[in-house]
Amino acid sequence: MSAITSSRGPRPARLVLHGFLIVMALVWIFPLFWAIYSSLRPISDTIQNGYLSWPSGGLSLVNYQTVWSQADLPYYYANTLVIAVPAVILTLLLASMVAFACTQFSWRFNLATLMIFTAGNLLPPQVIIVPLYRIYLNTPIPVWSSIDIGQFSFPIFSDRGLLYDQYIGIMLIHIVFQTGFAAFVLSNYMKTISKEITESAIVDGAHVLRIWWNIVLPLCRPALAALGTLLFTFIYNDFFWALILISTGAKRPITSALNNLQGEFFVNNNLIAAGALLVAIPPVIAYMFLQKQFIAGLTLGSTKG
Amino acid sequence: MATSITPSRDDSPDSGELVATSRGRYHVLTRYDRRVLVVMVGVPLVLDLIFIWWPTLSSILLSFTNYNGVGDLSPNNFIGLRNYQFLFSGYTLFWPAFFHNVIWLAWLFFLATPLGIFFAVLLDRDIRGTGLYQSVFYLPVVLSLVIVGFIWELQFSPTEGFINNALGLVKSGNIIDWLGNPRINLFSILIAASWRHVGYVMVIYLAGLKSVDPTLREAAKVDGANEIQAFFRIIFPVMAPINIVIAVITAIEALRAFDIAFIVNQGKNGLELLSILITNNSISEASLVGFGSAIAVILLLISLGPIIVFLSRVMRTRS
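Each protein sequence line maps, in turn, to chains A and B.
In terms of this note's numbering, the first sequence opens at residue 1 and continues consecutively.
In terms of this note's numbering, the second sequence opens at residue 1 and continues consecutively.
These aren't lab readings, by the way, just hints derived from the structure by calculation.
Being a predicted model, the structure only gives us computed values, none of them experimental.
Among the clues, some could well be false.
[To be verified] Pairs of lysine-lysine, DSS-like flavour, derived with a Cα cap of 30 Å:
(1) B:210 to B:221
(2) A:292 to A:195
(3) B:210 to A:292
(4) B:171 to B:268
(5) B:210 to A:191
(6) A:191 to A:292
(7) B:210 to A:195
Make the full structure from the sequences, and use the hints.
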């Protein structure tokens, strides 16, 4: 590592560097720290002593309890899971098929195909939203039974006979949009797999489906794990699609539900802080445990290719 | 990740041969296999065409109409360029929104992105705690812009926010309305957006820096270049492919800007953005489908710039 020798500057320079980094890190972490602090203070305490004060009555989780139970948060988490889990799995399947066919076999339009997917993913969603909204309002979907778990009821296809305002509709647009990104990333990864593996498997008489499922996909496990983590966060964090394509408040996934809950349930800043942090916790925990996957997912998509 | 700097496997001299053999093998594929491959690409492709490219083309078509979403589109709905005429000369919100997007782009381009690159350069060294610093700067990236907006509202809100309280403005009664005053609120939300953008740029740049050949730095040092010279004269040019990716990401991010402005005040009163005008005109408040589509076409045309830059880069590295 040359970095070891090249970065060992004179002592004062290193002190300045560390001083700068420490200040910036504190600036960076402060908004989050402040949100945590606000969320742990009962509002009565804040009103009495002002926002910029030490807690007189100690800290408590009462704001979290209020938000959790009054705003029905578990319900919205469930909405997110119902959409995100199938969407991530199907996106990975579809994208890996595209990447497999476009990298392991040479045919005339494989580069053009990848371009269509990649360019589609780069478009701002608002460019397509007006016609997409009309498509969703005009696409009939069979009304079929629903899965009921306690107070939760999730229609399998649709409960209004349309693609609009349905879990399946949100799932679909995520799958289509993210397949573009995932196909790009996976094809970068699969390019590094020698084509000879596929070729010799074909000579041995294996069908392409078998090669895809039993040979290429297992080789892509690290990329699939990284992408899966990233896709899940993308979908968890989505605000726009659910805002426009879902009208029933109770069907909103957690991130877009949060905006509706503001005003209705989050009547003061301490409750807003608790609500925001409850929604932030899953991606932060995922990040802590899967840091490598996150960063691999992001950089696979951007630095290769 | 090194492939972007050093020639990838496909670019190596024997790649011509590789392609030839795999073409040969392609003919070995059975009809069944070929059909399976067509389905494997075809199903996702058809979905992509129906739900992304058809709406894109429809936006263009609808932008020449006065369609309001009721009934079917008929030839009588076509009004030529009238939507665009009104957009440029009659609609008072268009130019403010356009310039807000331009300011957004400039802010990210000249402040947030360089700061992310600067962090990456500083942290790409053997310094104590580099992992911790990286985690801190990266943390906001995993949060949604909705959460970012909420967290910064706790800083910016007029009487209850941290900033006004810390500056003593609440006590003295000189409250600054960071999110409500149309002269400054765009910059307030840009600070919030940058909080997330900087970490994103940093991570991508760090990955790129790791793949720079270490002997380049050695050589620069031997030649007597200081670190700043070494970065601008050697590292930065070598990083050209990643610089382009970063530029594209920055531009796309600025054009997609929507969430924070919507959370704060539904994109009004100083926070108008092209993306928000599209939804406000055609979906949430009015159903001026044709007019909203014209704004979408403007956004599309601007987006084509970074998209084409990115695709041509992909083309170059693949062929």
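Hints versus structure:
1. B:210 to B:221: 18 Å, holds
2. A:292 to A:195: Status holds; Cα separation ~27 Å.
3. B:210 to A:292: With Cα atoms ~15 Å apart, residue 210 of chain B and residue 292 of chain A stay inside 30 Å; holds.
4. B:171 to B:268: The hint holds at about 29 Å.
5. B:210 to A:191: 21 Å, holds
6. A:191 to A:292: Answer holds: residue 191 of chain A to residue 292 of chain A is near 21 Å, not above 30 Å.
7. B:210 to A:195: 27 Å, holds
Hint compliance for this structure: no hint is broken.
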